[in-house]
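Between the sequences and the hints, there should be enough to build the whole structure, so can you do that?
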Amino acid sequence: MAGKMIEQERYTCAIGALQSVVAIPKALPILHSGPGCGMMVRGFFERSTGYAGGSTSPCTNFSESEVVFGGIEKLRKIIANSYKILNSDLQVILTGCTAGIVGDDIDSLADEFREAGRPIVTVETAGFKSNNFVAHSDVVKAIIDQYTNIFINDNPVRSEKKTINLFASIPYQDQFWKGNLRTYKYLLEQLGFKVHVLFGPESDGVAEWQQIPRANFNVLISPWYGQSIVEHLENIYEQPFFKFPHIPIGANETEKFLHGVLKFAEGLNVRLDYPKAENFIKRASAAYYEELDNLATFLLEFRYGLPSYVHIIHDAGYVTGLAKFLLHETGIVPKEQFIVDNTPEKFQQSIREDLQSISAKKIVPLTFEPDAGKVQDIVRNIVHEGRGLLIGSGWDKELSREKGFDFISASVPSPYRLVLSTGYAGFHGGLRVMEDIFNTVLASYR
Amino acid sequence: MQKKINLDISEVQPREQRLGTIIAWDGDIEELHRQSNFAGRAAGCGSGKGCRLCELQGPFSQGSVCSEQMVECQAGNVRDAVLIQHAPIGCGAGQVPYNSIYRNGLAMRGHKVENIRIINTNLGEDDVVFGAADKLRSAIDSAWTRYEPKAIFIATSCATGIIGEDVESIAREKQEEIGVPIIPMACEGFRSKHWSTGFDATQHGILRQLVRKNPKKQEDLVNVINLWGSDVFTPMLANLNLRVNYVIDLASVEDLAKMSEAAATVGFCYTLSSYLAAALEQHFGVPEVKAPMPYGFAGTDAWLRELARVTHREELAEKYIENEHKRVLPRIAELKEKLKGIKGYVATGSAYSHGLIQVLRELDVEVNGSLVFHHDPVYDSGDEKEDSLGHLLKNYGNVENFHVSNRQQYQLYAFLQKVHPDFMLIRHNGLAPLASRLGIPAAPLGDEHIAIGYQGIINLGETILDILARKKFHNSIKAHVKLPYTDWWIKQKDPYILARQNKI
Numbered sequence: 298m299a300g301k302m303i304e305q306e307r308y309t310c311a312i313g314a315l316q317s318v319v320a321i322p323k324a325l326p327i328l329h330s331g332p333g334c335g336m337m338v339r340g341f342f343e344r345s346t347g348y349a350g351g352s353t354s355p356c357t358n359f360s361e362s363e364v365v366f367g368g369i370e371k372l373r374k375i376i377a378n379s380y381k382i383l384n385s386d387l388q389v390i391l392t393g394c395t396a397g398i399v400g401d402d403i404d405s406l407a408d409e410f411r412e413a414g415r416p417i418v419t420v421e422t423a424g425f426k427s428n429n430f431v432a433h434s435d436v437v438k439a440i441i442d443q444y445t446n447i448f449i450n451d452n453p454v455r456s457e458k459k460t461i462n463l464f465a466s467i468p469y470q471d472q473f474w475k476g477n478l479r480t481y482k483y484l485l486e487q488l489g490f491k492v493h494v495l496f497g498p499e500s501d502g503v504a505e506w507q508q509i510p511r512a513n514f515n516v517l518i519s520p521w522y523g524q525s526i527v528e529h530l531e532n533i534y535e536q537p538f539f540k541f542p543h544i545p546i547g548a549n550e551t552e553k554f555l556h557g558v559l560k561f562a563e564g565l566n567v568r569l570d571y572p573k574a575e576n577f578i579k580r581a582s583a584a585y586y587e588e589l590d591n592l593a594t595f596l597l598e599f600r601y602g603l604p605s606y607v608h609i610i611h612d613a614g615y616v617t618g619l620a621k622f623l624l625h626e627t628g629i630v631p632k633e634q635f636i637v638d639n640t641p642e643k644f645q646q647s648i649r650e651d652l653q654s655i656s657a658k659k660i661v662p663l664t665f666e667p668d669a670g671k672v673q674d675i676v677r678n679i680v681h682e683g684r685g686l687l688i689g690s691g692w693d694k695e696l697s698r699e700k701g702f703d704f705i706s707a708s709v710p711s712p713y714r715l716v717l718s719t720g721y722a723g724f725h726g727g728l729r730v731m732e733d734i735f736n737t738v739l740a741s742y743r
Numbered sequence: 000m001q002k003k004i005n006l007d008i009s010e011v012q013p014r015e016q017r018l019g020t021i022i023a024w025d026g027d028i029e030e031l032h033r034q035s036n037f038a039g040r041a042a043g044c045g046s047g048k049g050c051r052l053c054e055l056q057g058p059f060s061q062g063s064v065c066s067e068q069m070v071e072c073q074a075g076n077v078r079d080a081v082l083i084q085h086a087p088i089g090c091g092a093g094q095v096p097y098n099s100i101y102r103n104g105l106a107m108r109g110h111k112v113e114n115i116r117i118i119n120t121n122l123g124e125d126d127v128v129f130g131a132a133d134k135l136r137s138a139i140d141s142a143w144t145r146y147e148p149k150a151i152f153i154a155t156s157c158a159t160g161i162i163g164e165d166v167e168s169i170a171r172e173k174q175e176e177i178g179v180p181i182i183p184m185a186c187e188g189f190r191s192k193h194w195s196t197g198f199d200a201t202q203h204g205i206l207r208q209l210v211r212k213n214p215k216k217q218e219d220l221v222n223v224i225n226l227w228g229s230d231v232f233t234p235m236l237a238n239l240n241l242r243v244n245y246v247i248d249l250a251s252v253e254d255l256a257k258m259s260e261a262a263a264t265v266g267f268c269y270t271l272s273s274y275l276a277a278a279l280e281q282h283f284g285v286p287e288v289k290a291p292m293p294y295g296f297a298g299t300d301a302w303l304r305e306l307a308r309v310t311h312r313e314e315l316a317e318k319y320i321e322n323e324h325k326r327v328l329p330r331i332a333e334l335k336e337k338l339k340g341i342k343g344y345v346a347t348g349s350a351y352s353h354g355l356i357q358v359l360r361e362l363d364v365e366v367n368g369s370l371v372f373h374h375d376p377v378y379d380s381g382d383e384k385e386d387s388l389g390h391l392l393k394n395y396g397n398v399e400n401f402h403v404s405n406r407q408q409y410q411l412y413a414f415l416q417k418v419h420p421d422f423m424l425i426r427h428n429g430l431a432p433l434a435s436r437l438g439i440p441a442a443p444l445g446d447e448h449i450a451i452g453y454q455g456i457i458n459l460g461e462t463i464l465d466i467l468a469r470k471k472f473h474n475s476i477k478a479h480v481k482l483p484y485t486d487w488w489i490k491q492k493d494p495y496i497l498a499r500q501n502k503i
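Protein sequences, first through last, are from chains D and H. When we follow this note's numbering, the leftmost residue of the first sequence carries the number 298, and every step to the right adds one. When we follow this note's numbering, the leftmost residue of the second sequence carries the number 0, and every step to the right adds one.
No lab work stands behind these hints, which were simulated from the structure alone.
In silico lysine to aspartate or glutamate, EDC-like type, Cα no more than 16 Å apart, as pairs:
(1) 700/D x 113/H
(2) 301/D x 133/H
(3) 381/D x 493/H
(4) 694/D x 674/D
(5) 301/D x 140/H
(6) 671/D x 140/H
(7) 694/D x 113/H
(8) 481/H x 386/D
(9) 301/D x 124/H
(10) 471/H x 421/H
(11) 301/D x 125/H
(12) 323/D x 499/D
(13) 573/D x 552/D
In silico negatives: residues of chain H with every beta carbon more than 12 Å from chain D:
(14) 32
(15) 207
(16) 208
(17) 230
(18) 242
(19) 330
(20) 335
(21) 397
(22) 421
(23) 458
All figures in this text were calculated on a predicted structure; none of them were measured in a lab. Using N, Cα and C, we set each Cβ at its ideal position, and we do this for glycine too.
The structure is reproduced here in structure tokens:
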């Protein structure tokens, strides 16, 4: 991915996928990298050390000597001693630029520990190889191939018809990942599924990872990142996947998502209680529209100006999900939109079409540009009538002030916002987005 | 005097080579001071075997920090410059915390708040194979068209270091073309075992390419080498009719250029100021104030007197010292009463810890343990008056449990078990969460100037009272959060056991 220069980055390099390990309960990342990598990743994401990650991850802290002579010996000692010092269910070795260029053979080293019965996985995450959107999938696939597969005899492929594996928010890269995953799990359980959520407090940790093969099919909620995981699972376990191409926010898209999953399950003859599932969706939707009615009252009676249009600077899943939601469920019109996740070219057309399906009449201008410094220059020069809203990352706070926009920090890096378990996905997620936007408006109210 | 700083070489010499820096050691400060042999080194024993300070080398380590990060938060925080990271995008992750520090620092000092200006060349696999000279050239062009900065800094990375990218010639070529200083800094993470070399790399570049060569002296200007802290030096030095030139963070390129015009250079932490202050004296004739750091009464008195001597303001200094003693003593007496029987722990950078311990002891807070991230047995000037550890030992006595540990959280657990403090002072991220999980309240010293000078004694005392009030919150965390460490490690009495076994 020899890309162009980047200013104000909104994602990081491959080793940033160490957060996907941090998000698995009691998994231990081990870095074979320079001394700063763990701290860099920790600094990019907020509150991201978790159980034993960030700068506390065991790390070989490459020095000149490892660069010249290789770092395998040092890594061997560090792995061996990490068992003495740290409790963990799974160890994942991630390599940095140094190890990548020097060419250390970490796989053979890992084999030594595997032979001794240690659950250990290696992933190449040299920073120049890819970014964390891509490397997240590499980490997941490596764990499946090098760990899950060991337990395949106890977990027959597609043996549980109502079980699904969920691949959606990338831990930490999506600052709402915990809330979103919890929401998806809850919604899908209400339809009658058992859900392997794999990351975060709702996951059963390594036990759940061992059972990935049992699932009947996979659910991918993403325009592109994570797609190689479900394709891989289709190859090795013949599990088909259902893809929903953006984050379902609010009632329209959440209903569409849930109906989509139900229809997919029906196609596979999964014996769910379909009427019960439909009934759940109806009730959840009714509760949602009761609040939308309250919002309408607020919008109609508020006298001092509300945002009428929005620019979103985010990854593809959020740009599309938020734009659809805002137009249809709050009346805020999406103007120029910016996708800054370095979307591979082969997915760009379908993302454009998905966003364009928002309205038959309106064209929503869309730019793919990972250099957000450039994106800011574009936004700086756009003029529209009315009060504007900008949904972006902490980098955009200054730009919003400059342009007089209302500002919501919904993308990493997010130093101005504390997110603990909030989610934006689903019915409640939509209501939360409304609260965030209109609370910002109310904060400007005298 | 020790070896002269060499500004002719393009890459800074790492700290371990210049000063004999170590990153792991276990003992008390009496012993560390003896082994460091500041005076012996200062006399020029240099690489002689006689005064080698031995380091513990263990077979286990957690992550640390790298020199490049220090460059980001120094060169990247110069107000009208741009920093280019010639690196994969991951090295740019550090921009996030350093932007936050920059913005809040600007606000604290009354400057216009703006985002940090760092451009990352986003190196990919092809670049690592074939080199990325053109990418660097085009990033320099973009830096120029986007910001028209007064200077452009370039930070190297592990990747460019290993592939041997010739950053220096590209910088020279573009400097000629664009006409502003373009300053390469060698700060590969693997180059030095301690990240403070990154401070030196930035300072080296500034000294070589920004500091004015034929200065017009300003007899009332004092360079204050600091970070982002609140402006405590302006009012303090105003009592001596001196003006402050804060460098490097939040400074303008002009502020950096005029360092050679100053009457003196002071610092608040020798870890940070050692290289720049010594080089300004050796190469530009700006006297470095060689004194204990300005913490506690003894340190602040001596620091002010030396500054006054160098700038010929002795009378003003004496008057200020007398008034300040009178002003702060009553409140300090009250604080001592309230802090009676309280035990503190300091986990910060090296010289800064020496200063904080002094202030705690002024407040009669018991300190029997400290963790420092590294130890420099000597500073660049080689002058014994800068022996901060010696000053602490002589004026405030021994610290029994003194550990050098480069942000190794697993060791901190054992350190704290040994000394059982009531609170902790920290400066850098990564360590506080552990303290919290052990039920120990910690004060993150976001404003590093908080403990400086006479008022600093009061400030620190009040901060401690505040954090002690949070004890219950930390106890709840302790009761409910599980540590990742094994029972074997948790029961371990010797935090360096692995290193010692390694030796056998």
